[in-house]
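Student: Here is how the chains run, residue by residue.
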Amino acid sequence: MTYFIDRRANAKNKSAVNRQRFLDRYRTHIKRSVEEAVNRRSITDMERGEKVSIPTRDISEPVFQHGPGGKRTIVSPGNKEFVEGDRLRRPSGGGGGDGAGEGGASNQGEGMDEFAFSLTREEFLDFVFDGLELPHLERKALKDLDEVKPVRAGVTRDGVPARINIVRSMREAYARRIAMRAPLRRALRAAQEALDEEERKDPVLRNPSRIAELKAEIERLEKRLEAVPFIDTYDLRYNNLINQPQPSSKAVMFCVMDVSGSMTQAHKDIAKRFFLLLYLFLERNYEKVELVFVRHHTAAKEVDEEEFFYSRETGGTIVSSALTLVDEIITRRYPPTQWNLYVAQASDGDNWDDDSVNCRERLMKSLMPRLQYYTYVEITPHAHQALWEEYETVAAEFPDRFAMRQIVEAGDIYPVFRELFKRRAAH
Amino acid sequence: MTRRKPIATGSDWNFEILEAYEHELARLADEYRLDTYPNQIEIITTEQMMDAYASVGMPVGYHHWSFGKQFLAVEQAYRRGQMGLAYELVINSDPCIAYLMEENTLMMQVLVMAHACYGHNSFFKGNYLFRTWTDASSIVDYLVFARRYVAECEERHGVTAVEQLLDACHALQNYGVDRYKRPSPISAEEEVRRQAEREEYLQAQVNTLWRTIPGRPQSDLLAGSADSEDDPLGLHAGGRYPPEPQENLLYFLEKNAPLLAPWQREIVRIVRKLAQYFYPQRQTQVMNEGWASFWHYTLMNRLYDEGLVDEGLMLEFLQSHTAVVSQPGFDSPFYSGINPYALGFAMFSDIKRMCENPTDEDREWFPDTAGSDWLEAVHFAMRNFKDESFIQQFLSPKVMRDLKLFSIVDDDQEEMLEVTAIHDERGYRRIREALAQQYALSLREPNIQVYEANIRGNRALTLHHVQDSRRPMGRSVYPVIRHLHQLWGFPVRLESLAEDGSVVRRYQWPLPDEDGKE
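Residue numbers (our numbering), protein chains in the order written: chain V, 1 to 427; chain A, 1 to 518.
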């Protein structure tokens, strides 16, 4: 007796639970690998999974086994030149390719030192951003949003033909037809019965005019029955859509960078990594993320990505020019009611001395109230200058939404990033 | 010559074609008296196949990270192309479940049906080990029971607690089998019915064993173990517990571990029962694969002889078959031990050969088999042996010559390895003996038994490891006794005994303090 069963349609991820258990169990190992990968990879390269290796010894499932030593006899195939009594040198290192008899008893490790497997992109990014959250994601309350989304809201009697609800319309039509035909049918049946009765009478007793009358009546009723329309405008029903305010799923990220002579390419690379981490992170939280690149020396300019990172400028630094430009762009293109606004600024801390005050003013008065979050990273091994101090007062004013950190070398970026976005205890 | 009228050509398949071939295979198998369970052939996708591999072929299993690890390993190997998933996976159950992957070519599907549904299936039904140790009709139900029970425990006691318990049990699962006693068959219904009952009963038994006020020592029992000078009042005269060494560690723990909660005992039992289910498979790898390969080869050739498959399919089959039963030499980069398919196929084919065309050598070595009815002979071999005894009984000089087997003695007291036997007149018997030993489970795994549980004193558990040919324990011994300690709850000692009974090495957990005190 044989049965064929087609199981292809069944769920395929039977092992998902076990896979997840494994990842949870080796969370620390995997996180270490992921962190190494983040530091090693160029950030544009974050968008794929990662091969993770865990030392086999850490994940082995021990069982009682024989160790090396003692006396044992190993039978192997493929003898070419040996004869009985030959004595051979013991292969150095033991095991390896010539582990003959041992192969049978050892577990499936096959002498590999590392257990390697791949994380999917999703799993990888989960680990990268594990335990991080966006500050003030909840601030965008519904009231200050003018973003709307049409949602289904029942059925109405009027609307455009494209939204006819066919099932409901047909049901209405059916009910109407029953209702309109019922009295006609009843009258028709009565007339028919009367006619039958008349015709059953003896031919002498029949009333020809009565018969003609009844026949005319039947004909009239049948016509009226047929005239009941199959569907009427009165029956039509339309799907109703209403507009519902929607939390914004759009974010815009302003990358602001100092490109004055003092910023070297190394500085910019560090800044780039920081920006890209932030970008990836936002992308996981919003459906749509737009990027605006603003670079500045003494004057600010909106540029494309290539120019932002790779063209060199010289000259002095006026930070407030960039902040003013950002402010203008927001006003012109990104109304805060529709967009979640993030600004990330990178600089080496240089600024014209009297400009730092302007920066603070601009931030406090105009920018901060509209922004979701502002991060400032200062890439310098040196002591802080006036800009840092002014920003500190801003940070004191907006402790939840303004963050600033110092980065000295590329390796600091990831820890700093984690620190900036680490999950805060609920307050 | 018959006129060729193949059922199908090309590499595409559909259900009608598969059914037609299956029908023909069933007819031929019947001719060869292959007695099988009903077949349940499931068509699955690659991902499902990986799932199936990861759960060691069990159609349902409880959740554990180690299966996840297995899955990742399979996935990685498959992606890199190091491993073809195509061959076969078959489950010893009634009906016998075999998987066909949808990506397989028609040839592969027919081959897998012949191999799994008639080869392995008849082996499961016929071999004495499977008949004794497993109950094919209830395994799937039992697995469902186990999965549900473990899931319930996870809900009640937390995933971590269950996971740690399973880790510990898995470490000992090869020691969860009674080797000599015939076990009672497992049955899911009965398990559920009796499980609650057992919980209470077990706990009561354990409580008796560990009650704090000892009763009168049963002084007659093993009185010799008490030293009357040190113990004039005979306080320790009750004899050792257990009176006989116990080889089934998990069973001993399930019944005697003092601190396990009833649900924990039940999980120990589940792991033990599943170990028992896999026990015959671990002992019949060569035979099982050899038998299945022998029959897929025979059946495919019959299909061809009857013109039911065309030349193209046959060539594809031969290519695949040859790859499966090839045996690279020990010095080849592809060598990874003796290929059970190759050895088993060679041996079964050789039994057939010596029945049909016996040589003088065969008559001398196998007087009962040479020249007898081959079908009877292979069935006899399949039914009544396991790898160890099968090799001891049927490995012929011809197979040894074909595979060019030789044996080497590796003795750590000698500086050099010594070739002790090659495939010649003087060596045949020694090679055969050595190869059989290589497949003896009792020699492959260290021989470890529960020697004593100190029920009157500190509750320490002592195990004995009887060394074979001075082979010591591997490095994994400490992790394993740590797991053992988790289950037992009190100090665990393992003593390695030389063949003369003297203790050569002691292991214990927890590790002794610095000053050597326990």
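Honestly, the hints are just simulated from the structure, not real lab data.
Among the hints, erroneous ones may be present.
Claimed, not checked - With a straight-line cut-off of 20 Å between C-alpha atoms, the simulated EDC-like cross-links for lysine to aspartate or glutamate are:
no.: 1; chain 1: V; residue 1: K71; chain 2: A; residue 2: D500
no.: 2; chain 1: V; residue 1: K71; chain 2: A; residue 2: E418
no.: 3; chain 1: A; residue 1: K404; chain 2: V; residue 2: D86
Unchecked claim - Chain V regions said to be covered by chain A (calculated; three or more residues, Cβ under 8 Å):
no.: 4; region: 77-88
no.: 5; region: 199-213
no.: 6; region: 255-261
no.: 7; region: 382-396
Just so you know, even glycine gets a beta-carbon here, dropped at the ideal spot from N, CA and C.
Student: Which hints from the list above does the structure break, by number from lowest to highest?
Tutor: 5, 6, 7
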